[in-house]
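Undergrad: Residue numbers (my numbering), protein chains in the order written: chain D, 527 to 716; chain C, 154 to 349.
For the record, the hints were derived by calculation from the structure and aren't laboratory data. Warning: the hint list may mix true and false statements.
Stated by the list, open to error - Straight-line alpha carbon distances no greater than 30 Å define the calculated DSSO-like cross-link-like pairs of lysine-lysine that follow: (1) C:347 with D:625; (2) D:675 with C:288; (3) C:288 with D:624; (4) C:263 with D:667; (5) D:624 with C:291.
This structure is a prediction, so every number in the text was calculated from the model and none was measured.
This is what each chain is made of:
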Amino acid sequence: MIYFELFYTFFLIGLFTFGGGYAMIPMIQEQVVGKGWISADALTNFIAISEATPGPFALNISTFVGKEVGGVLGSVMSTIGVVLPSLIIIIIIAMIMKKFITNKYVKGALNGVKPVVLALILSTSLVMLIKVLFFRGTSLKGELEFDMKSFTLLIMISGYLFIHKKVMKKGLSPILLLGLSALLGLIVFY
Amino acid sequence: MKKNNVFYQLLILFLTFAKVGLFTFGGGYAMIPIIQKEVSDRHKWINEEEIIDIIAISESTPGPIAVNMATYVGYKVRGIPGAILSTLGLMVPSFVIILGISFFYDEFIKIRALQAIFKGLKVGVIILLFSAVLKLRKGVKVNLTGTIIFASTLIISLVFSFLDTGFRYLSLILILLGLITGVVLTIIGSKKEKTK
Numbered sequence: 527m528i529y530f531e532l533f534y535t536f537f538l539i540g541l542f543t544f545g546g547g548y549a550m551i552p553m554i555q556e557q558v559v560g561k562g563w564i565s566a567d568a569l570t571n572f573i574a575i576s577e578a579t580p581g582p583f584a585l586n587i588s589t590f591v592g593k594e595v596g597g598v599l600g601s602v603m604s605t606i607g608v609v610l611p612s613l614i615i616i617i618i619i620a621m622i623m624k625k626f627i628t629n630k631y632v633k634g635a636l637n638g639v640k641p642v643v644l645a646l647i648l649s650t651s652l653v654m655l656i657k658v659l660f661f662r663g664t665s666l667k668g669e670l671e672f673d674m675k676s677f678t679l680l681i682m683i684s685g686y687l688f689i690h691k692k693v694m695k696k697g698l699s700p701i702l703l704l705g706l707s708a709l710l711g712l713i714v715f716y
Numbered sequence: 154m155k156k157n158n159v160f161y162q163l164l165i166l167f168l169t170f171a172k173v174g175l176f177t178f179g180g181g182y183a184m185i186p187i188i189q190k191e192v193s194d195r196h197k198w199i200n201e202e203e204i205i206d207i208i209a210i211s212e213s214t215p216g217p218i219a220v221n222m223a224t225y226v227g228y229k230v231r232g233i234p235g236a237i238l239s240t241l242g243l244m245v246p247s248f249v250i251i252l253g254i255s256f257f258y259d260e261f262i263k264i265r266a267l268q269a270i271f272k273g274l275k276v277g278v279i280i281l282l283f284s285a286v287l288k289l290r291k292g293v294k295v296n297l298t299g300t301i302i303f304a305s306t307l308i309i310s311l312v313f314s315f316l317d318t319g320f321r322y323l324s325l326i327l328i329l330l331g332l333i334t335g336v337v338l339t340i341i342g343s344k345k346e347k348t349k
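With the sequences and hints as input, model every part of the structure.
TA: Below, the structure is given as structure tokens:
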């Protein structure tokens, strides 16, 4: 049943998310795009919308995917699924394991998982970049076709980001970055 | 209502985290100032020091950091009901807003101008992901084992992507392996210390 599957999938994703919302993206891609629930294109759109709307990214993206796959009830199931591991684990820790973060095995496990999460997000972004630049954004199969427009956009935005950081001494906020990409997208692709 | 009334506290927890959900973008760290102001300055339920502990624990447990923090603060203030209501409070604004947008998404995406916008956004999202990597990179200690774990995960993940195997549990398994490796290395490390 789709509702149970959504719940279970997002429960797993919540359970294996270490280090914030973006760490979920590799798993969402494997599970949700892999099962054919939504397209890779739709997922990047949802990421953009989830980042540009208020609320934690992790909750926004879960609600969005759930709604697309299983309607309103689907979004309820995926959102509950993604928060439930947190709820259970944090309550247990608050109840019985106050010394949790000073435990050396917990520290060790975190030292082991951090490089993995970093590598997974990097790999996902590299694959996305290659898809956008050479494969019309969908899969890694088919004919190679260099997308000059996306490349131009990439150079323009990262160039601006670089200058902004040098001049303002701080990074551009994600919302402004997305606003800029949207505007440039409209100019370049329309 | 009295300040120490259970229902009053539960209501405040719900409203506080609904506010957090409604007014913070991105989640996680963006939430900290609002939580501090409401829970620690205004209601004095949790002191500054405890807030720092809560942040550290939320970062080191599985699950989205924002959800972990809401649950933990809620639990500290009013036990399990507090944890549930805080988390619900955090969920409600996101849920309503995203649901609202999703009703129009399928129609909107057919509009040509919006398709162009989303093509631009795709490039923006990729840049955001790369900058997330750079940001997270600061929290990782640079040492030999870490670098080996990082490099091997990256290679395995890229190879699987290009082979297009359709295997859906690779990230999950790699995360699990990372956790296990970390624990094993700690055990080896403490044994070495004992023999010295």
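Undergrad: Is residue 288 (chain C) close enough to residue 624 (chain D), meaning Cα to Cα at most 30 Å?
TA: Answer holds: residue 288 (chain C) to residue 624 (chain D) is near 28 Å, not above 30 Å.
Undergrad: Just to be careful, I want the Cα atoms of residue 347 (chain C) and residue 625 (chain D) compared with a cutoff of 30 Å; is the pair within it?
TA: holds, 23 Å
Undergrad: Hey, residue 624 (chain D) versus residue 291 (chain C), does the alpha-carbon distance stay inside 30 Å?
TA: holds, 26 Å
Undergrad: Does the alpha-carbon distance linking residue 263 (chain C) and residue 667 (chain D) stay inside the 30 Å limit?
TA: holds, 25 Å
Undergrad: Regarding the pair residue 675 (chain D) and residue 288 (chain C), is the alpha-carbon distance no greater than 30 Å?
TA: Satisfied, since the Cα-Cα distance of roughly 28 Å is no more than 30 Å.
Going down the numbered hints, you'll see the structure goes against none, and every one checks out.
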